[in-house]
Every structure is written in C-alpha cells, then in structure tokens.
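Visitor: Just so you know, the sequences run in chain order X and A. Here my numbering is used: the first residue of the first sequence is 1, the next is one more, and so on. Here my numbering is used: the first residue of the second sequence is 149, the next is one more, and so on.
Check the hints yourself; a few may be wrong.
Short, incomplete list of chain X residues facing chain A, as computed with Cβ under 10 Å [claimed, not checked]:
| no. | residue |
| --- | --- |
| 1 | 62 |
| 2 | 90 |
| 3 | 95 |
Listed next, with one range per pair, are the computed distances between beta-carbon atoms [to be verified]:
| no. | chain 1 | residue 1 | chain 2 | residue 2 | range |
| --- | --- | --- | --- | --- | --- |
| 4 | X | 78 | A | 196 | 23 to 33 Å |
| 5 | X | 53 | A | 185 | 49 to 59 Å |
| 6 | X | 56 | A | 267 | 46 to 56 Å |
Per the computed footprint, the stretches of chain A lying under chain X, defined by three or more beta-carbons under 8 Å from a beta-carbon of chain X, are [claimed, not checked]:
| no. | stretch |
| --- | --- |
| 7 | 191-204 |
| 8 | 221-227 |
Keep in mind the hints are simulated off the structure, nothing from the lab. Backbone N, C-alpha and C define an ideal beta-carbon position, used for all residues, glycine too.
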Amino acid sequence: MTGDQGDSEVTAAARELPDQAALSPAVIELDHIYEVLSHPRRRYLCYALLEDAVWSLHDLAEAVAAWEHTDGPETPTDQRHREVYVSLYHAHVPKLVEEDVLLFDESAETVAPGENATQVLLALRGISTGLDLHEGSRSSNETDATRE
Amino acid sequence: MRRGSDEDPPDDSDVPDVPNDSDVPNDPDVPNDSDPTRSPVAQRHYDPTASVELTTAIVFTVADAMGVDPRAVSTQPLYECVDAEAVETALFTVEPVSSRCEPDAIEFGYTAFRIRVQRDGWILVFESADDSPSE
Chain X
1 MTGDQGDSEV
11 TAAARELPDQ
21 AALSPAVIEL
31 DHIYEVLSHP
41 RRRYLCYALL
51 EDAVWSLHDL
61 AEAVAAWEHT
71 DGPETPTDQR
81 HREVYVSLYH
91 AHVPKLVEED
101 VLLFDESAET
111 VAPGENATQV
121 LLALRGISTG
131 LDLHEGSRSS
141 NETDATRE
Chain A
149 MRRGSDEDPP
159 DDSDVPDVPN
169 DSDVPNDPDV
179 PNDSDPTRSP
189 VAQRHYDPTA
199 SVELTTAIVF
209 TVADAMGVDP
219 RAVSTQPLYE
229 CVDAEAVETA
239 LFTVEPVSSR
249 CEPDAIEFGY
259 TAFRIRVQRD
269 GWILVFESAD
279 DSPSE
C-alpha cells in the first residue's frame, strides 16, 4: 500500500508538465534544428518562409530553383523546376512537416509555418548573421560582384 | 540530361553510354537484378556526384513507369515510404569502407511499385507483385 502510494506520487510528479512558457525554447531540440537545416534545399525553404508566410508549392519550387541557379544556364528552367518541385514534395516538405516546421495543405498544395518554424528561423537568422552566409545575402553579393 | 561517362561503370567495365529514357524496358547491359523472374518497367541511372537528389531520381523513374510528368507523381510523398537520405548514405557513401557490411541494394514498396536502388547506381522500378488491393 505504501509502495503504491509512493508510485502514485512519482507519477503525479512526472505528470506535472512544465508550463508553456518554460517549454517553448526547447520545443524542438537542437538536433532537430541541425537535421532540418542540414540540407541546402531545406535552408532555402526556411528562407522562403522569412519572405512570405504562405507559399504554393509551385511558386516555392520556382523560388528555390532560382536561388540555386548560380551556375550557368545550361539546364532548362522547366527541367530545373521539375527537379526542385519533386524533391520538395517528396522529401523536404514532408520532412519539415514531420519536424513541425511546416504545415502542408495537401489539397491546395500550399505550405505555411508550423509550430517549430519560429525557432528554426531564429537559428537560421543567427547563423546567417554570424557567418554572413551567402544564402542570406545573395542579392548584396551579386551587387558586389557586379561592381567589382 | 547526359550521364557522365567518366563515372565508374560499376563492376562490368563494358557498360555503354546508357540511355536514361523510359523506352528501354530491359536492356541486357543494365542492371543485374538477382531475380530473373521479374523485369523492371522503368530504370534510370543515378549519379551520386551530380546535383540531382536521389529522391528526385527515384520519382523520375516512377514517372517513367507511369508515363507521366514527375510532378504528377503525387499520390504519396516518397518520404512516407523511405528516407532517401538514409538510402543515399547506406549505398553511396564516399569512403570505401569495408564493403562486406554494406548492402548491395535496398528495396522498398512505393504505391503500386517495388523500387530497387542498387549500389551501382541503378534504380529499378517493378510492378509490385502483390499490388492487389485485397488485404
């Protein structure tokens, strides 16, 4: 009986969840942030969210293809779009949905930020600022290159 | 897209320039699936050093099998069936670690198909043997 009581006390303590405010910075573990940001296409995806909250998958693929399009124009645009679209739909979007970074509306084919988006975007901003990552300052780099 | 012929043709050195379009149902030069009772409905060669992702290459092969634009392969995201990044790591890791503990191929089901990704870069798409909807 006493043992039972002890157990139930433990259980009660374990069930006492930290409040939302205390939990929020750790909603997504660092590992997950690394995982999310470990692929360049997923970083582009997150950058896109910084620009606009809601994207159609079609436009998103177009934007990512354009951002990646730093080497010569040897691949036709439609081929590029096809490749990016497929990799977003079949790999990167579902992965980010799984990590609660994105919400995907299957019927409308639109993506929007998920619960963990803010945290990932903050991390991404921090990294960009810290490293002056070229992905974050594409346009200014291009301007510089043109000037030189 | 052209296949770079500088890529090491897996084991048999006489693999010619391989066509990557779907109208090559069963080229004898191509892959050596150990099971002779089945032949792929579509196949493509994946180059791990090129910029196209494995996911994309797999879906393009499925699109070949279905005769549609790859963007129309939208029944289900491939990610829900297989983690292609993990397959990539398992089959195409750069360092030649001792090969005995590494798989020669990884196979999985996707919609009505069986997909086999081989270490030599070949992606083979088969009709699923048990694609009857009855449980």
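Visitor: If you test the structure against every hint from before, which numbers come out violated?
Guide: 1 and 6
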